[in-house]
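Undergrad: Respectively, the protein sequence lines represent chains A and B.
UniProt numbering applies: residue 1 is where the first sequence begins, and numbers increase by one.
UniProt numbering applies: residue 1 is where the second sequence begins, and numbers increase by one.
Hints are supplied without guarantee of correctness; some may be wrong.
Unchecked claim - Pairs of lysine-lysine residues, derived as DSSO-like cross-links and limited to a Cα-Cα distance of at most 27 Å, are as follows:
#: 1; chain 1: B; residue 1: Lys-210; chain 2: A; residue 2: Lys-144
#: 2; chain 1: A; residue 1: Lys-110; chain 2: A; residue 2: Lys-321
#: 3; chain 1: B; residue 1: Lys-20; chain 2: B; residue 2: Lys-144
#: 4; chain 1: A; residue 1: Lys-189; chain 2: A; residue 2: Lys-20
#: 5; chain 1: B; residue 1: Lys-110; chain 2: A; residue 2: Lys-127
#: 6; chain 1: A; residue 1: Lys-31; chain 2: A; residue 2: Lys-20
#: 7; chain 1: A; residue 1: Lys-144; chain 2: B; residue 2: Lys-112
#: 8; chain 1: A; residue 1: Lys-127; chain 2: A; residue 2: Lys-31
#: 9; chain 1: A; residue 1: Lys-210; chain 2: A; residue 2: Lys-236
#: 10; chain 1: B; residue 1: Lys-31; chain 2: B; residue 2: Lys-210
#: 11; chain 1: A; residue 1: Lys-127; chain 2: B; residue 2: Lys-20
#: 12; chain 1: A; residue 1: Lys-110; chain 2: B; residue 2: Lys-127
#: 13; chain 1: A; residue 1: Lys-283; chain 2: A; residue 2: Lys-112
#: 14; chain 1: B; residue 1: Lys-321; chain 2: A; residue 2: Lys-144
#: 15; chain 1: B; residue 1: Lys-20; chain 2: B; residue 2: Lys-189
#: 16; chain 1: B; residue 1: Lys-112; chain 2: B; residue 2: Lys-210
#: 17; chain 1: A; residue 1: Lys-31; chain 2: A; residue 2: Lys-210
#: 18; chain 1: B; residue 1: Lys-210; chain 2: A; residue 2: Lys-112
#: 19; chain 1: A; residue 1: Lys-144; chain 2: A; residue 2: Lys-112
#: 20; chain 1: A; residue 1: Lys-236; chain 2: A; residue 2: Lys-189
#: 21; chain 1: A; residue 1: Lys-321; chain 2: A; residue 2: Lys-283
No lab work stands behind these hints, which were simulated from the structure alone.
There are 2 protein chains.
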Amino acid sequence: MPIVVQKYGGSSLADAESIKRVARRIAETRKAGNDVVVAVSAMGDSTDELLDLAQDVSPLPPPRELDMLMTAGERISMALVAMAIHDLGMSARSFTGSQAGVITDEAHGKAKIIDVTPGRITEALDKGHVVIVAGFQGVSQTTKEITTLGRGGTDTTAVALAAALRADVCEIYTDVDGVFTADPRIVPKARKIDRISAEEMLELAACGSKVLHLRSVEYARRYDIPIHVRSSFTPKEGTIVTDQPGSEGTEGEAVEAPIIAGVAHDRSEAKITVVGVPDQKGKAAEIFTAVAASEANIDMIVQNVSATDTGLTDISFTLPKTDGQGAMEALQAIQGPVGFSGLQYDDQIGKLSLVGAGMRSNPGVSATFFRALAEAGVNIEMISTSEIRISVVTRSELLDDAVRAVHTAFGLDSEEGEAVVYAGTGR
Amino acid sequence: MPIVVQKYGGSSLADAESIKRVARRIAETRKAGNDVVVAVSAMGDSTDELLDLAQDVSPLPPPRELDMLMTAGERISMALVAMAIHDLGMSARSFTGSQAGVITDEAHGKAKIIDVTPGRITEALDKGHVVIVAGFQGVSQTTKEITTLGRGGTDTTAVALAAALRADVCEIYTDVDGVFTADPRIVPKARKIDRISAEEMLELAACGSKVLHLRSVEYARRYDIPIHVRSSFTPKEGTIVTDQPGSEGTEGEAVEAPIIAGVAHDRSEAKITVVGVPDQKGKAAEIFTAVAASEANIDMIVQNVSATDTGLTDISFTLPKTDGQGAMEALQAIQGPVGFSGLQYDDQIGKLSLVGAGMRSNPGVSATFFRALAEAGVNIEMISTSEIRISVVTRSELLDDAVRAVHTAFGLDSEEGEAVVYAGTGR
Numbered sequence: 001m002p003i004v005v006q007k008y009g010g011s012s013l014a015d016a017e018s019i020k021r022v023a024r025r026i027a028e029t030r031k032a033g034n035d036v037v038v039a040v041s042a043m044g045d046s047t048d049e050l051l052d053l054a055q056d057v058s059p060l061p062p063p064r065e066l067d068m069l070m071t072a073g074e075r076i077s078m079a080l081v082a083m084a085i086h087d088l089g090m091s092a093r094s095f096t097g098s099q100a101g102v103i104t105d106e107a108h109g110k111a112k113i114i115d116v117t118p119g120r121i122t123e124a125l126d127k128g129h130v131v132i133v134a135g136f137q138g139v140s141q142t143t144k145e146i147t148t149l150g151r152g153g154t155d156t157t158a159v160a161l162a163a164a165l166r167a168d169v170c171e172i173y174t175d176v177d178g179v180f181t182a183d184p185r186i187v188p189k190a191r192k193i194d195r196i197s198a199e200e201m202l203e204l205a206a207c208g209s210k211v212l213h214l215r216s217v218e219y220a221r222r223y224d225i226p227i228h229v230r231s232s233f234t235p236k237e238g239t240i241v242t243d244q245p246g247s248e249g250t251e252g253e254a255v256e257a258p259i260i261a262g263v264a265h266d267r268s269e270a271k272i273t274v275v276g277v278p279d280q281k282g283k284a285a286e287i288f289t290a291v292a293a294s295e296a297n298i299d300m301i302v303q304n305v306s307a308t309d310t311g312l313t314d315i316s317f318t319l320p321k322t323d324g325q326g327a328m329e330a331l332q333a334i335q336g337p338v339g340f341s342g343l344q345y346d347d348q349i350g351k352l353s354l355v356g357a358g359m360r361s362n363p364g365v366s367a368t369f370f371r372a373l374a375e376a377g378v379n380i381e382m383i384s385t386s387e388i389r390i391s392v393v394t395r396s397e398l399l400d401d402a403v404r405a406v407h408t409a410f411g412l413d414s415e416e417g418e419a420v421v422y423a424g425t426g427r
Numbered sequence: 001m002p003i004v005v006q007k008y009g010g011s012s013l014a015d016a017e018s019i020k021r022v023a024r025r026i027a028e029t030r031k032a033g034n035d036v037v038v039a040v041s042a043m044g045d046s047t048d049e050l051l052d053l054a055q056d057v058s059p060l061p062p063p064r065e066l067d068m069l070m071t072a073g074e075r076i077s078m079a080l081v082a083m084a085i086h087d088l089g090m091s092a093r094s095f096t097g098s099q100a101g102v103i104t105d106e107a108h109g110k111a112k113i114i115d116v117t118p119g120r121i122t123e124a125l126d127k128g129h130v131v132i133v134a135g136f137q138g139v140s141q142t143t144k145e146i147t148t149l150g151r152g153g154t155d156t157t158a159v160a161l162a163a164a165l166r167a168d169v170c171e172i173y174t175d176v177d178g179v180f181t182a183d184p185r186i187v188p189k190a191r192k193i194d195r196i197s198a199e200e201m202l203e204l205a206a207c208g209s210k211v212l213h214l215r216s217v218e219y220a221r222r223y224d225i226p227i228h229v230r231s232s233f234t235p236k237e238g239t240i241v242t243d244q245p246g247s248e249g250t251e252g253e254a255v256e257a258p259i260i261a262g263v264a265h266d267r268s269e270a271k272i273t274v275v276g277v278p279d280q281k282g283k284a285a286e287i288f289t290a291v292a293a294s295e296a297n298i299d300m301i302v303q304n305v306s307a308t309d310t311g312l313t314d315i316s317f318t319l320p321k322t323d324g325q326g327a328m329e330a331l332q333a334i335q336g337p338v339g340f341s342g343l344q345y346d347d348q349i350g351k352l353s354l355v356g357a358g359m360r361s362n363p364g365v366s367a368t369f370f371r372a373l374a375e376a377g378v379n380i381e382m383i384s385t386s387e388i389r390i391s392v393v394t395r396s397e398l399l400d401d402a403v404r405a406v407h408t409a410f411g412l413d414s415e416e417g418e419a420v421v422y423a424g425t426g427r
């Protein structure tokens, strides 16, 4: 029997009615002749409510106990989903991450899955049950402590279960119709993408697209699991994320793949500029060693050549705003020994990324990209590129205009022939 | 180092402030030089809220999933208590029932503890941690399923942990000052009992006293664990429940033990009367076999001799109101074959029980008891006795008057020399 893994997020499980709707969807999938394994998040805002409770009790709760607390959220939703399925006349069994065999490392709050031993799941499937698994959580390999995977971790749970069970597909149910060529709240003409490569999806997720959790896409790519991102509110097909060749028939395969998959944006980063760094060997290394020790994740780096021959240079880098304070403190501590003159912190930046596997063989992409930004009056502060991506940093207040201009320049707006560019492209 | 096991109920853990107060109390016990293991219930009304959620999703939720759901409540409170202790500069580790080694049978919703394997607890104590354990829950021995012990089960968890760890005392923290000679809401002159035998406490708990869960007293008696019932809101001593000889010094031992420990009452039962039963061998057996098959717990039974020589008799028995419907249906199904003429269901009854180990050697107790009821104008409908208890069934609306009359008749009212009768009686 084919195995389908489904994931339902908190917004699909907000209350009893939502849970019943999800249960009906699961039951339909089962009735269609599939073994069904479901990973669930905590209901609606319950994760935030638990976090608030923790804050009320302790300003800096120990990570082990925070994980113990947070995992109660999925425990509640999984039991309720199992009950709702039972109420439809089907049998269901819920399992915690630990019971489901989700083995992680020891990093409380941001654990990584290192193995999945789904013995209890397969046993339950063999007995004809639908299986509901608590997302976002696991048990550490050596210390047997309860761990959580960090925000969005239920996507990763679902993909990891799909890989361990050799599932045919991993369906990620969410409150949008799929992955779009840009955020529809900013670009009303953004189109739903029918099919996208895992490579491109990875870049989009890394650059601010919030539909799929980055690690889940990495996991799916490594184990070659097709992901189907779709809405839990409609029966419509969503977006298939896969590097496997398309199977929608031969007709589509003749159509050329689009050059550009989509435009992502991100306002979650800040920029730190280290001003007046002596232009000597090893100074940059000292700076980034200190920043790394503060556990900040650096994204883009630019080193400016000073205009006058002062022997000084400026180094700018971006990082998540949440890492900003720690990095600034780490840099202040080394100002004396490194000998730079000052620090600037700028959290009014925005990042725009253009992603497309077709960039590899289309050298004109960057020219079109920068022309579009120039015509929209958007000044570029930093640039970074990968084989299939160009990212720029701009002022935050210009970011929306920039996204719309680039989206239009690459013919992604929905009037311009969605069917031709995107239907069954075989990618 | 002495080991103290403490239990805190939901009313002591209603919100963040309460949790911090409990944490301070735990920290004091630790600082006084004890290893501390704490069993906690779910916060405030959270158990009822989870039950409501389950009802919204499914009118008859499967017991396995209901247990999975309910156990989230203690998971939340134990993590928060551990955080609050951590915030006081002490280290604490929380453990689920399963992690703590609370092994039960397979009966979801009313599991019995069959073993406690506290390896992780002793390991954590050896490392200097305070240990917080989720009450009310365990893991089944053969199927490894999460189970719950039924309402009030956290008392039993605490006593079972105390027994397994050979603790010096099990402190049950609650929202009253201890065990009273009667419910103070009905008898304002009721006195706190300083010391009571486990045997008497068992009878009081079985007859409606809600301070301690019946099974926890049975467990404590079997393993000879002293229980100290006390308020989490004051530092005052509460009630010591133990069959061990008193240790408050020789002075107290000379004082004679009181004849009567207390008066319990219970409005949770109903009375079923099977009318017109043919007075033949085996008819009662048929009736009670049917009732037992409905899983009703029968308490008292009376068979009336008919006034006229009709060859018919009436059989009355009491049972929990929650078992009433099932028992009535079971009886209706056998009315034809057994040949009785009708059934009466009466849920307006109340039960009063007088408990005291001194009854054994004081034959005048029952005379005083019935005289007090008669003078208070209370009609007795059923009577049952044990070696140390007399119980009667009355009209529910007369029950409070009856309790007060009996309490006064046995000199239990607080004006009449609490110190003489109850201080250090060495029982």
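Undergrad: Run every hint past the structure and note whether it holds.
TA: Hint check results:
1. B:Lys-210 x A:Lys-144: violated, 38 Å
2. A:Lys-110 x A:Lys-321: With a Cα-Cα distance of about 18 Å, the restraint between A:Lys-110 and A:Lys-321 holds, given a limit of 27 Å.
3. B:Lys-20 x B:Lys-144: Violated - the C-alpha atoms of B:Lys-144 and B:Lys-20 are around 34 Å apart, more than 27 Å.
4. A:Lys-189 x A:Lys-20: violated, 33 Å
5. B:Lys-110 x A:Lys-127: Status holds; Cα separation ~25 Å.
6. A:Lys-31 x A:Lys-20: Holds, at about 16 Å.
7. A:Lys-144 x B:Lys-112: holds, 26 Å
8. A:Lys-127 x A:Lys-31: holds, 15 Å
9. A:Lys-210 x A:Lys-236: Judged against 27 Å, a Cα distance of about 20 Å means the pair holds.
10. B:Lys-31 x B:Lys-210: violated, 31 Å
11. A:Lys-127 x B:Lys-20: violated, 46 Å
12. A:Lys-110 x B:Lys-127: Holds. A:Lys-110 to B:Lys-127 sits at ~25 Å (cutoff 27 Å).
13. A:Lys-283 x A:Lys-112: Distance ~33 Å between A:Lys-283 and A:Lys-112 Cα, so the pair is violated.
14. B:Lys-321 x A:Lys-144: This hinted pair is violated, its Cα atoms lying about 44 Å apart.
15. B:Lys-20 x B:Lys-189: Judged against 27 Å, a Cα distance of about 33 Å means the pair is violated.
16. B:Lys-112 x B:Lys-210: holds, 19 Å
17. A:Lys-31 x A:Lys-210: Given that 27 Å is the threshold and the Cα spacing comes to 31 Å, the pair is violated.
18. B:Lys-210 x A:Lys-112: violated, 47 Å
19. A:Lys-144 x A:Lys-112: With Cα atoms ~14 Å apart, A:Lys-144 and A:Lys-112 stay inside 27 Å; holds.
20. A:Lys-236 x A:Lys-189: Holds: A:Lys-236 and A:Lys-189 sit about 19 Å apart, inside 27 Å.
21. A:Lys-321 x A:Lys-283: holds, 24 Å
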